[in-house]
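J.: With the sequences and hints as input, model every part of the structure.
Protein chains in written order, with this note's numbering: chain A, 74 to 458; chain B, 54 to 263.
These aren't lab readings, by the way, just hints derived from the structure by calculation. Note that the structure is a prediction, hence the values are computed from the model and not measured. Hints may contain errors.
[As the list claims (entries may be wrong)] In silico SDA-like cross-links for lysine to any residue, where the CA-CA straight-line distance does not exceed 25 Å:
1. Lys271(A) x Ser68(B)
2. Lys320(A) x Met356(A)
3. Lys212(A) x Ala218(B)
4. Lys214(B) x Arg88(A)
5. Lys212(A) x Lys214(B)
6. Lys90(A) x Tyr247(B)
7. Lys212(A) x Ile158(A)
8. Lys90(A) x Gln77(A)
9. Lys271(A) x Ala218(B)
10. Lys90(A) x Arg213(B)
11. Lys271(A) x Thr136(B)
12. Lys271(A) x Gln230(B)
13. Lys90(A) x Gln230(B)
14. Lys214(B) x Gly159(A)
15. Lys271(A) x Lys231(B)
[Claimed, not checked] For each label pair, taking beta carbons as the anchor points, the in silico distance ranges come out as:
16. Ile307(A) x Asn251(B): 54 to 62 Å
17. Gly253(B) x Asp94(A): 22 to 30 Å
18. Gln144(A) x His138(B): 42 to 50 Å
19. Asn251(B) x Pro426(A): 55 to 63 Å
20. Gln412(A) x Asn251(B): 25 to 33 Å
21. Phe430(A) x Asp63(B): 54 to 62 Å
22. Ile307(A) x Asn107(B): 40 to 48 Å
23. Ala437(A) x Val222(B): 54 to 62 Å
24. Gly396(A) x Met54(B): 57 to 65 Å
25. Asn172(A) x Arg243(B): 23 to 31 Å
For each residue, glycine too, the CB sits at the ideal point set by N, CA and C.
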Amino acid sequence: MKNQVAFVYSQSFLRYKFGEDHPFNPKRLQITWDLMQKLGLLDASYLVEPRPASLDELLRVHHPDFVHAVQKASQLPPDTDPPVIGFGLGTEDTPIFPNMHEASSLIVGGTILAAELVMSGQVEHALNLAGGLHHARHKEASGFCVYNDIGAAIAYIRERYNARVLYLDTDAHHGDGVQWLFYDDPDVLTISFHETGKYLYPGTGDVEERGDGRGYGYSLNIPLEPFTEDDSWIAALESVLPHVFHKFKPDVVISQNGCDAHQYDPLTHLSATTRLYREIPKMVHQLAHEVCEGRWIAVGGGGYDIWRVVPRAWTMLWAELSGQPLPDELPQSWLDRWQPEAPVALPTTFVDPPDLFPPIPRRAEIEEKNRITVRRALLGTPFLL
Amino acid sequence: MLVEQAMTRDVICVSPDTSIEEALAITTANRIRHLPVVCNEQLVGIISDRDLRNAMPSCLVQEQTAALKDTPVSSIMKSDVITAHPLDFVEDAANFLYQKRIGCLPVVSCGKLVGIITERDILHTLVEMMGVSSPTSRVEVQVPDRPGMLAEIADLLRARKINVASVMVFPGPTEGQKTIVFRLKTMDPRRFVYDVQNAGYQVVQPPVIG
Numbered sequence: 074m075k076n077q078v079a080f081v082y083s084q085s086f087l088r089y090k091f092g093e094d095h096p097f098n099p100k101r102l103q104i105t106w107d108l109m110q111k112l113g114l115l116d117a118s119y120l121v122e123p124r125p126a127s128l129d130e131l132l133r134v135h136h137p138d139f140v141h142a143v144q145k146a147s148q149l150p151p152d153t154d155p156p157v158i159g160f161g162l163g164t165e166d167t168p169i170f171p172n173m174h175e176a177s178s179l180i181v182g183g184t185i186l187a188a189e190l191v192m193s194g195q196v197e198h199a200l201n202l203a204g205g206l207h208h209a210r211h212k213e214a215s216g217f218c219v220y221n222d223i224g225a226a227i228a229y230i231r232e233r234y235n236a237r238v239l240y241l242d243t244d245a246h247h248g249d250g251v252q253w254l255f256y257d258d259p260d261v262l263t264i265s266f267h268e269t270g271k272y273l274y275p276g277t278g279d280v281e282e283r284g285d286g287r288g289y290g291y292s293l294n295i296p297l298e299p300f301t302e303d304d305s306w307i308a309a310l311e312s313v314l315p316h317v318f319h320k321f322k323p324d325v326v327i328s329q330n331g332c333d334a335h336q337y338d339p340l341t342h343l344s345a346t347t348r349l350y351r352e353i354p355k356m357v358h359q360l361a362h363e364v365c366e367g368r369w370i371a372v373g374g375g376g377y378d379i380w381r382v383v384p385r386a387w388t389m390l391w392a393e394l395s396g397q398p399l400p401d402e403l404p405q406s407w408l409d410r411w412q413p414e415a416p417v418a419l420p421t422t423f424v425d426p427p428d429l430f431p432p433i434p435r436r437a438e439i440e441e442k443n444r445i446t447v448r449r450a451l452l453g454t455p456f457l458l
Numbered sequence: 054m055l056v057e058q059a060m061t062r063d064v065i066c067v068s069p070d071t072s073i074e075e076a077l078a079i080t081t082a083n084r085i086r087h088l089p090v091v092c093n094e095q096l097v098g099i100i101s102d103r104d105l106r107n108a109m110p111s112c113l114v115q116e117q118t119a120a121l122k123d124t125p126v127s128s129i130m131k132s133d134v135i136t137a138h139p140l141d142f143v144e145d146a147a148n149f150l151y152q153k154r155i156g157c158l159p160v161v162s163c164g165k166l167v168g169i170i171t172e173r174d175i176l177h178t179l180v181e182m183m184g185v186s187s188p189t190s191r192v193e194v195q196v197p198d199r200p201g202m203l204a205e206i207a208d209l210l211r212a213r214k215i216n217v218a219s220v221m222v223f224p225g226p227t228e229g230q231k232t233i234v235f236r237l238k239t240m241d242p243r244r245f246v247y248d249v250q251n252a253g254y255q256v257v258q259p260p261v262i263g
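T.: Here it is as structure tokens:
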């Protein structure tokens, strides 16, 4: 069964929905799913139905009071007064919705299942695009994330296999929730590339957040300047990843594939194009084979331009992960299906043309600052010496 | 916030007859710069690492330093100590440190030493007050320097049900302007930014693409 790849998916993932006007729109999964279908990339043999996470699996990373609050909130009417609930629930970011516990648990179960399939050797790589809820904290919902599926999967791997985990987060927002959950664990290396927290939520992810106690040095942060473009992004990844993978020697890699660093993304200030989202999975794929016998679990994450960015970025991720070739152009049938609904003109090629955006005025300074940041991050990491 | 909420309670102290050499070793081992001198729980003086270093012979001279072992800190300590009370405001303590150009204030209550507040404690308190430690988006708004502006912007936040982690108000870059810095408990400050602009005020940050 080696070389098999799993795509964890259920229509029920679409129930993780905070409301029509909320930026976290599960419709992006549906549009992406349809693009993959139309390209013939989702052979039935890849598909795996998720199961909900058990209470024990949630409690590995979440406080019982918090889980109970989510269960209770699931049954409350949507217009309940927020202070009644607490725990970051019922806020502008994570409003309560009916059955939010069930919808969130299914996503967590999906990522744990992906981990189970990879760690037991049934597949080499597995993908759960609904996962990637990296902001959820031990006792608090945060930044559109209720339960931390990545944390739960890492905790599962640590408990069941005692394996060393490398967690790579390339979402434009800092992977704070996962970082804090394993901040003092030297067997979980968290690496986050993100827009600096100077103006972007959650404000953390400074180079100097390096871990605590025995875990000191096992949290790596590369805060990139606003308006960072592809070349500088890719240079930063290339300077860090091969070196770190070979030194840390993880048994498995988990990548969070938020695609909100694209210039079209409405919530962030980075200036990448989809070229970045072809390069990241390629790099991770190669390193997973070089260092951890191919064991690679991938999840989704942020991505708020649901029409122009998410479907292309995640289809490129799946094509890389499953080793299937992609055409340069998007299928006409997909454009015909979705263009009438889309409020913007849909792009026709997977990789954005190089001249899509005018050059960023302060490119040289931004690139220089990012190089300095990478150097500072690597210099303070004891296990790399 | 009161001094008692920001001070360090486990104070490392010496007695008046502690030798200079020992006091120096204590400051080095604990990486601290000030040692209150205490006798029967009463604060009798303070000694800084600079006072201790002044008492050392030059490192260029090859002389023995027997005097460091034999001389008690009481001979070089400062005995007119400026102190704080647990119920003082942190900002008053900070102002004191700044005005008197000193690095710490021993905190004394009912004649006993109960804590110490240093520049570092104040900085830490400031960092916490600025809301840096909770997940937030930072938005800077520029408004005219006149009464009611903060309330007006706060109304917009209330309408959007956005919770605030911290607020700071600074003098603006130009005369007659103020800058309000919000740390908002939301990942998506766009609608608030839009509301502020719609109400006729300028949002300075977050940056705009382009």
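J.: So, for every hint listed, does it hold in this structure?
T.: For each hint, the structure was consulted:
no.	hint	result
1	Lys271(A) x Ser68(B)	violated, 46 Å
2	Lys320(A) x Met356(A)	holds, 16 Å
3	Lys212(A) x Ala218(B)	holds, 17 Å
4	Lys214(B) x Arg88(A)	holds, 23 Å
5	Lys212(A) x Lys214(B)	holds, 21 Å
6	Lys90(A) x Tyr247(B)	holds, 24 Å
7	Lys212(A) x Ile158(A)	holds, 13 Å
8	Lys90(A) x Gln77(A)	violated, 31 Å
9	Lys271(A) x Ala218(B)	holds, 15 Å
10	Lys90(A) x Arg213(B)	holds, 19 Å
11	Lys271(A) x Thr136(B)	violated, 37 Å
12	Lys271(A) x Gln230(B)	holds, 23 Å
13	Lys90(A) x Gln230(B)	violated, 41 Å
14	Lys214(B) x Gly159(A)	holds, 14 Å
15	Lys271(A) x Lys231(B)	holds, 20 Å
16	Ile307(A) x Asn251(B): 54 to 62 Å	violated, 39 Å
17	Gly253(B) x Asp94(A): 22 to 30 Å	holds, 24 Å
18	Gln144(A) x His138(B): 42 to 50 Å	holds, 48 Å
19	Asn251(B) x Pro426(A): 55 to 63 Å	violated, 35 Å
20	Gln412(A) x Asn251(B): 25 to 33 Å	holds, 31 Å
21	Phe430(A) x Asp63(B): 54 to 62 Å	holds, 56 Å
22	Ile307(A) x Asn107(B): 40 to 48 Å	violated, 55 Å
23	Ala437(A) x Val222(B): 54 to 62 Å	violated, 36 Å
24	Gly396(A) x Met54(B): 57 to 65 Å	holds, 58 Å
25	Asn172(A) x Arg243(B): 23 to 31 Å	holds, 28 Å
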